[in-house]
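Add chain B to chain A, keeping to what the hints say.
2 protein chains.
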Amino acid sequence: EAADITILGGSLAEKAEEVKSFTLKTPKGTKDYDQKDMAIREEIFSKITAVFKRHGAITIDTPVFELKDILLGKYGEDTKLIYDLEDQGGEKCSLRYDLTVPFARYLAQNGVSNLKRYHIAKVYRRDQPAMDRGRMREFYQCDFDIAGVYDPMVADAEALRVMSEILTALDVGNFTIKINHRKILDGMFEVCGVPADKFRTISSAVDKLDKMSWADVKKEMVGEKGLAEDVADRIGEYVKLKGSKELCDKLDADSKLSGSKSAREGIEDMRVLLRYLEIFEVLPQVSFDLSLARGLDYYTGVIYEAVVSSSPSVQNGEQVGVGSVAAGGRYDELVGMFSGNKKIPCVGISIGVERVFALLSARRARSEIKANATEVYVIGLGEGFLEERMAICSQLWNADIKAEYMFKRKPGNLNRQFEVCDKEQIPLAVIIGKQEVEAGVVKIRKMSKEAADSAEKEVTVDRKDLVETVRNMLSA
Amino acid sequence: EAADITILGGSLAEKAEEVKSFTLKTPKGTKDYDQKDMAIREEIFSKITAVFKRHGAITIDTPVFELKDILLGKYGEDTKLIYDLEDQGGEKCSLRYDLTVPFARYLAQNGVSNLKRYHIAKVYRRDQPAMDRGRMREFYQCDFDIAGVYDPMVADAEALRVMSEILTALDVGNFTIKINHRKILDGMFEVCGVPADKFRTISSAVDKLDKMSWADVKKEMVGEKGLAEDVADRIGEYVKLKGSKELCDKLDADSKLSGSKSAREGIEDMRVLLRYLEIFEVLPQVSFDLSLARGLDYYTGVIYEAVVSSSPSVQNGEQVGVGSVAAGGRYDELVGMFSGNKKIPCVGISIGVERVFALLSARRARSEIKANATEVYVIGLGEGFLEERMAICSQLWNADIKAEYMFKRKPGNLNRQFEVCDKEQIPLAVIIGKQEVEAGVVKIRKMSKEAADSAEKEVTVDRKDLVETVRNMLSA
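So the sequences go chain by chain: A and B.
Residue numbers for the first sequence follow my numbering, so the first one is 378 and each next one is one higher.
Residue numbers for the second sequence follow my numbering, so the first one is 378 and each next one is one higher.
Among the hints, erroneous ones may be present.
For chains that are exact copies, the list does not tell them apart, and a pair is met inside one copy or across any two.
Unchecked claim - Cut-off 30 Å, straight-line C-alpha distance, at most; resulting in silico cross-link-like pairs (DSS-like, lysine-lysine):
hint	residue 1	residue 2
1	LYS823	LYS430
2	LYS719	LYS499
3	LYS834	LYS811
4	LYS785	LYS627
5	LYS619	LYS747
6	LYS617	LYS638
7	LYS499	LYS445
8	LYS826	LYS800
9	LYS638	LYS787
10	LYS402	LYS820
11	LYS595	LYS811
12	LYS823	LYS800
13	LYS800	LYS627
14	LYS747	LYS430
15	LYS405	LYS499
16	LYS408	LYS823
17	LYS800	LYS430
18	LYS800	LYS747
19	LYS575	LYS595
20	LYS469	LYS408
21	LYS820	LYS408
22	LYS596	LYS619
23	LYS787	LYS719
24	LYS445	LYS413
25	LYS841	LYS430
Just so you know, the hints here were simulated from the structure itself, not pulled from any lab data.
One chain only, chain A, in its complex shape:
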């Protein structure tokens, strides 16, 4: 209901004539979510939020647009994907591209030096949409970050425990959290002989190993990126390695790699982290994987990515939703871009909620999703008994029972009212006709298919016992 619409001159009917040539659609790359989509989305958000709160996280909210200057210089060549607002004679603003830069701006601006916060909100990217694969221009991000100066790997371990609890709560299927460390990657590049100015570009190539074969990645390194073949081959030996705590020993024993200070620091971090993850009972889901690189420049420590290894359900014979469903890492220098001298180390995770949404939606038949919360439908026979139905609803609402009725004086055929119960999956019907109204009673009928043959399918009770009987039947 809009509080402030004013239609300039002319009747609405005339206006309708003028405008009916409209293209009725949402902008490219955006969509409406109907009640069934929203029921799934709210279930996902509620499960995720419960985990965040279990870990003491609070939430903050930042505006959907930021000063353009805040976003500039943060997204590299993806800057072109930023939505700008039209300059209507004020500040130059842009829609947020993610939730991390606004979070860093928030910390710096408000002088907050430690915070455990989550933020679930929409972000905007002028990317080529691929709606069928869930790539939208407007989509949700769901982030959890820990900012503050703490002892090594402590906050990192909690971030990973949170990721694991969430993926378990969402029931996405079996998942593996791949973990690696930027300093190990850098050490590895160093000892393999990658020139320092090629670290990031070679890292991007390694990052493609989850989608491409080693042969193709090597081709990119050597062919496109000009790396010597023997250097690439040495990298190839390292990125094969994966394991758990024993891999730390193996890497320490590698005299070449342990010659790098960066690698030694990274290995020590991993040793501590894996110990903490063992205490947190997350270790079985974790794979220390030297092929994980993540393409982002801003990570400075541990990086991770969760992949669903098997989806427990299929649709039309095809597995759905397999792939990366969460990711994150440590970024100790981003806040410093806003706060000048003051560094605020951060570690965070991002849950791929749109992918989770696609995965969980595909698993459920739309007809099975109950979008409303209605528990009771109040039905009138014969003359309809509108005012009595209203009084009954009022009685139920007063008792916090979720109730509806048909907005007609004479709802007509009884079956039309029963059909509403079926369609909206309303478990109970309260039924009144002439007889019931005169006797001051109501019939209460269980509407589920399972109850159809039950002896206690229907009871008749006094109006004063309505609320209590309904409560009992609902909790049964």
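Relative to the frame of chain A, chain B by itself:
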């Protein structure tokens, strides 16, 4: 945590040098909400949503921006307040100005002919912000609308019942819902002798009666709007009238007014509505008030506005938050602007959540607001016992108990950990030192001030009894 930040070239530290001249602020008319603001906001939204769901409403989501054409021609001279996105070589889009036009577009586009939906989301207006009075450029609207062809006043009565339930649940203080009818207003203007082309502008003048005296409103009608003085005086007699069901009789008995077909229809609607509101137990909160006009062109039937008549609390000796906190009405022709021929009648309410937020915030001391949900803080004495604290947290998290601990190997002074409990209002501390670790026990201490002198302030239990004891102490 941003999944896709790429920083182009250079180290982050270098970048920080370049950018530290930034103005660190949010755009004009927008603000950040910190954890305490968010705790209040979430409490408000959760109470409101509970009422919507009690009435069977579902929620939908529409994009934050719409095609510009969809919004044009809907907001009269306020069109200049619409935020446009820059034309970056695609469609021309604008940020939504309210939730009603997107709702109407949704119904028309998806061929939905009946729906009971709520939508709580941000809207955008390039208005002159007045942050101290809560007028922002980005703010929340909270709407509930019923679309569909139903018998007269039935959906309208439910919308008003929903409004009443929400204002009661939010505990905003005593409130009155003023109700009037567009057709009565039109009939009144007609019989008073207002020229047909001046109905809307005279209606806007009447709408100011809640802020201006009759003398000033009359001056506007006669002086600015060119109404004859005797016509204005006749209006002045009508707009004094307010009451309840008996006012319907009085207006019917007014031979002049009941000479107008429009007025007769409006009075009949009001008679039916007030009867339904009596059944719904809302009548005591309602005032049938002929001075209520609402400035919007698109209303076609009943209109209403809730005002808080007394705020139950004051801040700095001043009453806060008194004024309009909810409004709405029937608009039967708006959807037709999108759907061409097919009219979909609608009635709705909008809760002024920003005003409610200001009112409820002013009532609470910030230090009393608990922003996190943490129930247990796990404290280490002496050496710190980090790994034991982690194991205890893991045990608590597994049991869905909300727990935190300090991210330090050696948290140092015990008081620093107790201070966290105080500051974050964490009710229980689980404490371990050398003795407890060796004996496999934990101390559990109630941290509230009330518990300080209690005999059961602290217990020592076996680690295996930790979860059960914590649960009991939390529920006590």
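If the cut is 30 Å between Cα atoms, do LYS408 and LYS823 qualify within a copy, between copies, both or neither? neither (37 Å within a copy, 50 Å between copies)
Is it within a copy, between copies, both, or neither that the alpha carbon of LYS823 lies no farther than 30 Å from that of LYS430? Between copies, since 20 Å is at most 30 Å while 37 Å is not.
Identical-chain pair category, LYS596 with LYS619, by Cα at 30 Å: within (22 Å within a copy, 83 Å between copies)
Indicate which option fits the pair LYS787, LYS719 if close means a Cα-Cα distance not exceeding 30 Å: within, between, both or neither. Cα proximity of LYS787 and LYS719: across copies only (24 Å, versus 70 Å in one copy).
How would you classify LYS719 and LYS499 at a CA-CA limit of 30 Å: within, between, both, or neither? within (29 Å within a copy, 33 Å between copies)
30 Å Cα threshold - placement of LYS627 relative to LYS800: Neither way: LYS800 and LYS627 sit 61 Å apart in one copy and 45 Å across, limit 30 Å.
When Cα atoms must be at most 30 Å apart, do LYS800 and LYS430 count as within-copy, between-copy, both, or neither? between (35 Å within a copy, 17 Å between copies)
Is it within a copy, between copies, both, or neither that the alpha carbon of LYS619 lies no farther than 30 Å from that of LYS747? neither (44 Å within a copy, 44 Å between copies)
With identical chains treated as interchangeable, where does the CA-CA distance between LYS834 and LYS811 reach 30 Å or less: within a copy, between copies, both, or neither? within (21 Å within a copy, 62 Å between copies)
How do LYS820 and LYS408 come out at 30 Å by Cα distance, when the copy is not named: within, between, both, or neither? Cα proximity of LYS820 and LYS408: none, with 43 Å in one copy and 53 Å across.
Which holds for LYS823 with LYS800 at a C-alpha limit of 30 Å: within a copy, between copies, both or neither? within (15 Å within a copy, 50 Å between copies)
Taking 30 Å as the upper bound on the Cα-Cα distance, should LYS402 and LYS820 be classified as within, between, both, or neither? neither (46 Å within a copy, 61 Å between copies)
Of the numbered hints given earlier, the model fails hints 5, 10, 11, 13, 16 and 21; all others are met.
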